[in-house]
Amino acid sequence: MEEGFSHEEWKAFLNEMGVEEADFPAPPPEVNDYFQQLEKKLSAELSQCLNSELPPAYTIGNYTIDHTLATGGMATVYLASRSDGMYDQKVAIKVLSPILHTDKHLEYFQKERQILARLNHPAIARILDGGVTQEGAPYFIMEYVDGLTLDQHCHQHQPSLRHIAHLFMQIADALAHAHAKLILHRDLKPTNILVKSNGEIKLLDFGIGHALTAKNNTGAGTLAYSSPEQLHGETIDTASDIFQLGICLYELCTSQKPFGKTREQITKNLQNPSPTPAHEINAQVSKSLSAVVGKCLKGKKENRYPTASALKEDLIRCINHQPVAAPISWQTKTALYVRRNWMVLCLSLVLFSTILIAFLIYKKQADRIFEEHQKAQATLTFLRKVFDGGDPNLPASKDLTPADLLKKRADDIAKIKEPSVRAYVSTELARLYHKLGLWTEASPLLINAVSFYQQSPSEHATSLGRTLTELSANYRNLSQFDKADSTLSHAIDLLTKNLPETALPLAYALKDKSYLCYKRAAYEDGISSAHRAIALLENAPTTPSSEPPIEIALAFAYNNLSLNLRELSLYDDALKACQKALSTGEHFFEHDNTVRFIPLGNLAIIYNRMGNYEHQIKILHQKLIEEKEYFAEDNPQLINTIANLGAAYYKTGNYHRSDSLNLIAYHKYKNLYGKEHHHSISSLYNLGNSKYSQGQFGEAIGYFEQVLKVDIRQFGADHPYVAGDYISLGLATEGEKNYAQAEKYYHQALSIYQNKFGKNHQKVSYTHYLLAELHGVTGNLPSAEKHYKTAIEIGQNVLDDKHPELIKYHEGLSSLLKKQSI
Amino acid sequence: MLAEKELDKLIQRINQGDTKALDHLFPLVYEELRKSAHLLRRRFQKQETLNTTALVHEAYFKLAKADLSQLQNKEHFFNLASKAIRQILVNACQKQRTQKRKKNQPHLPIEDLEEQLNFSEDTRDAILQIHDALQVLEKQQPHYGKIVECRFFAGLSIDETAQVLGTSPSTVKRKWSMAKTWLHMQLTPNMAY
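Protein chains in written order, with UniProt numbering: chain B, 1 to 822; chain X, 1 to 193.
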């Protein structure tokens, strides 16, 4: 029976109720309907009664509520829009729940407001206003953050561990800011961290909830992110926040909670926290990142990071593959040091074997497979030894450098019998040396490989061409430009002969050639080489996965083109080529960050040459900030930026800043390369310039003479650098009122410039201007007038009308004419 | 309120099977449930609707952790809680009928569930009519009262109700049907005797 009871039962029921005679009731479906409807209605009304949310279109101050964003334990957060028509603005309004208007809750609410007002950090939502609603509910208005919570973000985007480390770096930075203001967060968990679509972080819910989440009141959600101190009701300090952050990081690295999920597990595990290291759960987590997480999660506060900044620093080191402060084995540290300096991630063992397998698949010829296989085996064995560092013959000391590690391996190469394998492994080792900046050590290895390939050059055209190109780069880095040039020319000839198979290595060689030309002041040649390289690279088939992306080489080819154009005062074209370099390399920054930094440096110099020093300084500052995130302090590129920034400040007359930056750069370069290296010399040159500008001519001459000596030795007596040195010496001697000597210097410069650049060049016009000024001082006015006019004539050909130099020339001439008329 | 010793004794008696002792616990459960408005809010804010089943389970969650944790039988608690919910709903409806309450009094800490409830006239009338009819029914047949309390007021399932009453699910199903039919007759004038 549908109703579940029989006629007899119903009769008995009615009997009990004192009703004697009755029909069996017709099956009333409306009975069930009635009760179902009633229950539904009751539920709906019940929910509404207990819902204290403000309705849409409700106004608070100048804002109208759009909808509810989140409901927390104490308050509800609404999205609202500015409604007074003043301007468009979205804000988040946090309103204390009306059922919680007790003194205790009011106090905590006000406290949160005060805390937020004291914090001013890009990763912490700003507070805009506050007050009381018409119903008397206190509220405050915050900056609206359109983002996902950290767990949602990670769920949706599946970010790389590197990206996660980046996010936590920002969080740690915000936390450090709060800690510096004596404010603790106390409730760090993924839902309190928002990630905006541009990857920026915002920390929410500062400093509340501590007393509210008393021990027996702690819901399982918060308990999972508690520090041992919080669990045991002990005093909370900054170390507790770091512990909580560690839990979040651990969870994102491993997709597991470090101390279990249930209250029992967590309580037990927090007695003596020793979670399974993150890298043992997820093999993709590096040991250093795992160590960082482990250090956050130490049971004893004093064993955790002392500050959030220290945590941030270590996260940066993780990202840059530098050794971290968290304890890890010395092998890992060595491997990290090696990796950081290589800067090429593909040198990890895994990737290397992938490359070799790909290589094997490419080479289909059976006889070659055997040979390539042998190479692969030998290289792998060799690399494994480098990575393990576990050679019993090596001293297991912390002082072991990657160079030691590699030198030891050079002996192993001699033991390889098969010459082709030996050549291959030698080239690989040389590449490692090259990446470490050990150019002197790399050269003999490359020469060995070259001599093997040269036994049958046409068979080994690609390998030989590549090896020669690498050898040339080595020479170039050692400032041995003649050797570099002849080696590279040899490579280009060979590769050109063997086209079309050799198109890609030829493109690389031509790209290098354009840079070498720039270094040797053969700018026209540099431009044509760059154009050839660009044409080859743009038409190249897609990169095999085993090779670095072609776009990187292409970006550098554009940059080299830009360098040469720049030196020929073709600034518009140089600017275009440079911007092309930046946009081509844009998406490959993670692969090789120099693809951004080097063109950025060039861009700064172009602006410098155009006289736009403010722009130059802006770009250099940006570059310095980015580089500091990526490089160690003694990184040559970072030093280069410091030096350039020094030079830029010099141009704007900020000599104090300029000198100190240049001195820093000089000393760093000297330690790194020795005092005769062209980088050390550049710093010296900048220092000379600065001293000159401050009227300390004697000191300036001292610097410039050193520079001249080295430049002549390195570049030859007719190099424009040498001309520049003469100009500087001329100016400084003029400052000392030794006019005859100054004039000699200027003429030496002029003849070099005219030789190198022809008559129509900025530098030629500038030298004429200098001679004009000199003659003006010595009273040889007709000669001065002649030089001014030449300077202006040339300047009008090569410079923009408003170029400061050209304006200077005009002013010089007109004041001279005034003097003559008097 | 009950003294701690008295509570211990009561629970001991209940655990030993003295169901009459349960009645003495009723005021405690009722008070606790009344005071749980804010907890309910917090716990069910993400749920779209909050039904009476949720109320009962929340009350159990709260009470089981505290004073009543020594109660061996969850059913004992459900027994009391369903009665308490009936009381709360009815009280709320009666108060609403007699006093015109001001809407929105957010300055006051409304932690009292009865104060917080505010039903529509239809719902209010239905609850009060069911309550009145049920009073008649349970006077004659007391266990029907319990069934309606569990099924309607507390929203417990057939199985849960059977466990509270210590009877079989099929009995509950049958009796709940008859009770509904009878109650419905009392509410709908044209079908009444």
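Some hints here could point you the wrong way.
[As the list claims (entries may be wrong)] Cut-off 27 Å, straight-line C-alpha distance, at most; resulting in silico cross-link-like pairs (DSSO-like, lysine-lysine): (1) K74/X with K95/X; (2) K40/B with K9/X; (3) K261/B with K95/X; (4) K261/B with K74/X; (5) K139/X with K11/B; (6) K146/X with K11/B; (7) K40/B with K173/X; (8) K756/B with K139/X; (9) K41/B with K9/X; (10) K173/X with K41/B; (11) K301/B with K146/X.
FYI, nobody ran anything at the bench for these hints, they're computed from the structure.
Problem set entry | Hinted pair K41/B and K9/X, Cα distance within 27 Å | violated, 41 Å
Exercise. When you check the alpha-carbon spacing of K146/X and K11/B, does it fall within 27 Å?
Worked result: holds, 21 Å
Problem set entry | 27 Å Cα cutoff - pair K756/B, K139/X | The given pair, whose Cα atoms are some 118 Å apart, is violated under the 27 Å limit.
Exercise. Going straight from one Cα to the other, do K74/X and K95/X come out at no more than 27 Å?
Worked result: violated, 31 Å
Exercise. Are the Cα atoms of K40/B and K9/X separated by 27 Å or less?
Worked result: With Cα atoms ~40 Å apart, K40/B and K9/X exceed 27 Å; violated.
Exercise. Does the structure keep K261/B and K95/X at a Cα separation of 27 Å or less?
Worked result: violated, 44 Å
For this session: For the pair supplied as a hint, K173/X and K41/B, confirm whether the alpha-carbon distance does not exceed 27 Å.
Result: holds, 23 Å
Problem set entry | Given pair status - K146/X, K301/B, alpha carbons within 27 Å | Answer violated: K301/B to K146/X is near 56 Å, above 27 Å.
Exercise. Given the hint that K261/B pairs with K74/X, does the C-alpha gap stay at or below 27 Å?
Worked result: Answer holds: K261/B to K74/X is near 25 Å, not above 27 Å.
For this session: Take a quick look at whether K40/B and K173/X sit within 27 Å of each other, Cα to Cα.
Result: Within the cut-off at roughly 20 Å; holds.
Exercise. Within 27 Å, alpha carbon to alpha carbon, are K139/X and K11/B?
Worked result: holds, 18 Å
When held up to the earlier numbered hints, the structure conflicts with 1, 2, 3, 8, 9 and 11 and fits the remainder.
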